Amino acid sequence: MMGATDFSLGKLPTEQKKLSLISFSGEFDKLVATFTLATGAAAIGYEVNIFFTFWGLDAIKKKQGRAFVGKGFLPKLFGFFMGGLRSAPVSRLNFLGLSPKIFRYLMRKKNVATLEELVEAAKALEINLYACEMAMHILGLEKTDFIHEVKGVLGVATFLELSEGGRTIFI
Amino acid sequence: MSTFKLDITREHCPMTFVKTKIELSKLKSGDVLEVLLTEGEPLENVPKSSREQGFNVLEVSHVEGLVHKVLIQK
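The listed protein sequences correspond, in order, to chains U and P. Each residue of the first sequence is one higher than the one before, starting from 1 at the first, in the working numbering. Each residue of the second sequence is one higher than the one before, starting from 1 at the first, in the working numbering.
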């Protein structure tokens with residue numbers, strides 16, 4: 001991206017619509033759905049929040065492959081087997097991790113944005129990314145384990161406050 | 001005031017909107033973005049969502065085949 005960006009709305013004093021997504025599954029196809037909705041909505045003027053919880057947290061880890069991330073023996077082991085964005089399995093017919101590779105190939109070949117491109121677009125559109133405090137605690141993760149675009153660590157009460165007045169979708 | 005160009009004829013949802021929005025964000029007030037897009041969702045929704053966000057859609061015209069041109073002023 002070049003130069004400064006300004007995502008403020010144009011000249012009409014319209015009220016901004018809002019979409020909040022709860023990214024729970026951490027699966028490749030559901031992450032594609034999450035980031036497609038998020039970037040599409042942000043691009044047409046919605047304020048967008050994504051709240052990553054449980055397996056969803058894998059998508060925002062700094063280390064995108066398999067790595068022993070997390071504090072403690074069990075969290076580290078979980079962290080390794082779950083991996084990050086690049087190791088996300090598909091929810092059906094994963095074939096031991098072969099399917100996400102096939103999907104990435106097909107998406108590139110058909111000129112459809114890949115998961116990684118969608119995540120980059122989400123960052124460029126300044127979508128609000130949040131991590132779930134409770135799930136981080138279970139999995140021994142800290143904010144520094146996540147990409148720096150993650151705006152904050154939240155609990156249910158703050159998420160409900162942020163999502164109020166808009167639509168919320170659980171994926 | 002300058003004019004910038006963006007070709008999204010080979011893009012699919014959501015990148016049609018995403019690339020338009022990111023390109024518009026780089027412009028100064030008064031600048032114009034010339035977007036080449038195809039019929040269907042991009043033609044129906046890029047001008048509409050730009051208007052909804054308060055940008056001026058100066059022109060929507062047919063170029064050739066399925067390709068159309070939209071001029072959006074920030």
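Hints are supplied without guarantee of correctness; some may be wrong.
Unchecked claim - Straight-line C-alpha distance at most 27 Å; calculated BS3-like pairs for lysine-lysine:
| hint | chain 1 | residue 1 | chain 2 | residue 2 |
| --- | --- | --- | --- | --- |
| 1 | P | K19 | U | K30 |
| 2 | U | K109 | P | K28 |
| 3 | P | K28 | U | K18 |
Stated by the list, open to error - Derived coverage of chain U by chain P (criterion: at least 3 residues anywhere in the stretch with Cβ under 8 Å from a Cβ of chain P; other residues may be distant):
| hint | region |
| --- | --- |
| 4 | 106–120 |
| 5 | 148–154 |
Because the hints were derived from the structure by calculation, they are not lab data. Source: prediction; values computed, not measured. Note that beta-carbon positions come from the ideal geometry of N, C-alpha and C, so glycine has one too.
Results of checking the hints against the structure:
The straight-line distance between the Cα atoms of P:K19 and U:K30 is roughly 22 Å, inside the 27 Å bound, and the hint therefore holds. Annotation: proposed proximity of U:K109 to P:K28 is violated, straight-line Cα distance about 35 Å (limit 27 Å). Between P:K28 and U:K18, the direct Cα distance comes to roughly 25 Å. Compliance with the 27 Å bound is thereby established for this hinted pair. Only residues whose beta carbon comes within less than 8 Å of a beta carbon in chain P count, and the region 106–120 of chain U has 6; three or more means the coverage holds.
Counting residues of the region 148–154 of chain U whose beta carbon lies closer than 8 Å to any beta carbon of chain P gives 0, which falls below the threshold of three, so the coverage claim is violated.
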